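Q: So the sequence shown is numbered by this note's numbering: it starts at 1 and just counts up by one.
Hint data in this document are derived by calculation from the structure and do not stem from the laboratory.
Here the structure is a predicted model, which is why all the values come from computation and not from measurement.
One thing to keep in mind: the hints can contain errors.
Below are the EDC-like pairs computed for lysine to aspartate or glutamate, each with C-alpha atoms no more than 20 Å apart in a straight line [to be verified]:
no., residue 1, residue 2
1, 134, 290
2, 62, 106
3, 300, 106
4, 59, 106
5, 244, 106
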Amino acid sequence: MNILLTGGAGYIGSHLVVYLLELGYQVVLFDNLKQTTLASGDQSIFIQGDLSDTLLLRKILKKYQIDMVVHLASFKSIPESISNPLDYYDNNISGTLSLLHAMREENVLSLIFSSSCAVYGHSNLLPLKESNPKCPENPYGKTKYFIEEILKDMTNTDKAWNIVCLRYSNVSGFFMPSIFTKTIFSHSKDIFSVIAQVMMGQLKNLPIYGKNYPTVDGTTKRDYIHILDIAKAHGQVLNWMKHKGKNFEIFNLGTGQAYSVLEVLNAFEKICGIRVPYEFHPPRQGDVIESYCCPDKAKKMLDWQATQTLEDICLSVFQMIGKNK
């Protein structure tokens, strides 16, 4: 099977391509390199371009006889999406529409879409299930939700499409630290990337936004899932789509457990034996207090579940820092 991986040079894409190649897939990477640099060391084909270039996408789909598209490309920062909503709607939604037009014209009708648990927004119905109400709190989450609705409408109209949306929780960690450099962190705002920036001397302190939330220690809580588990989930989805796939399906990808910012920090310090300086800041607009998803549907239908722990994530990040100091 030939796979086009959009956003293939980014954090998730750089891991996923290695995993897919190991499974025997042929992978073409597509990225504009605006938010990342290209990692080396794999046997994939790389093409630099922008999703707005529908004609280029059509040429790629045709030339490389693409069977499946894994669509990772998007802007991903919640604070940035609040500051620049128009850029997020333009890049994430317009780019996806361009990709879908190209796919339809070239009759490539199988797609895995990288969505997010941000589509749920703040919810008292925890853990989050796929059927929960969707009420995203920020433009980033809204772009993911709107794209899901577009894909659902498409598949309702044309049953030839085979589409799966994967709602990620907070993807973290590394399983191939040797292929990354410290530049990967300059484009990431997640807690582990910021911890790494502190450890590498790029930041003085870890900023923690808010300390009076109604949680165990006053800081926000998230479901952190190891990138290796995310890669394995994609492998299971690809196999499922080939043999049992429906017209349109949605799966949560998470561990079903949430950790606060301070719990993550304490785990990292305990595993790595070092202290990470931090300081509190006012809460950020658009931040959800607590979020963790129910992965039972993926376990039942895909035979997948997360196996890596928070400690595994911490250790992989620490090892990556050591290789890039």
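Q: Against each hint, give a clear statement of whether it holds in the structure.
A: A quick look at each hint next to the structure:
Proposed proximity of residue 134 and residue 290 is supported: the alpha carbons are some 15 Å apart, at most 20 Å. At roughly 7 Å between alpha-carbon atoms, residue 62 and residue 106 fall within 20 Å of each other, so this suggested pair holds. Between the alpha carbons of residue 300 and residue 106 the distance comes to roughly 33 Å, so the proposed pair goes past 20 Å and is violated. The hinted pair formed by residue 59 and residue 106 meets the criterion: a straight-line CA distance of about 9 Å does not exceed 20 Å.
Using a Cα cut-off of 20 Å, the hinted pair residue 244 and residue 106 is violated, with the two alpha carbons roughly 23 Å apart.
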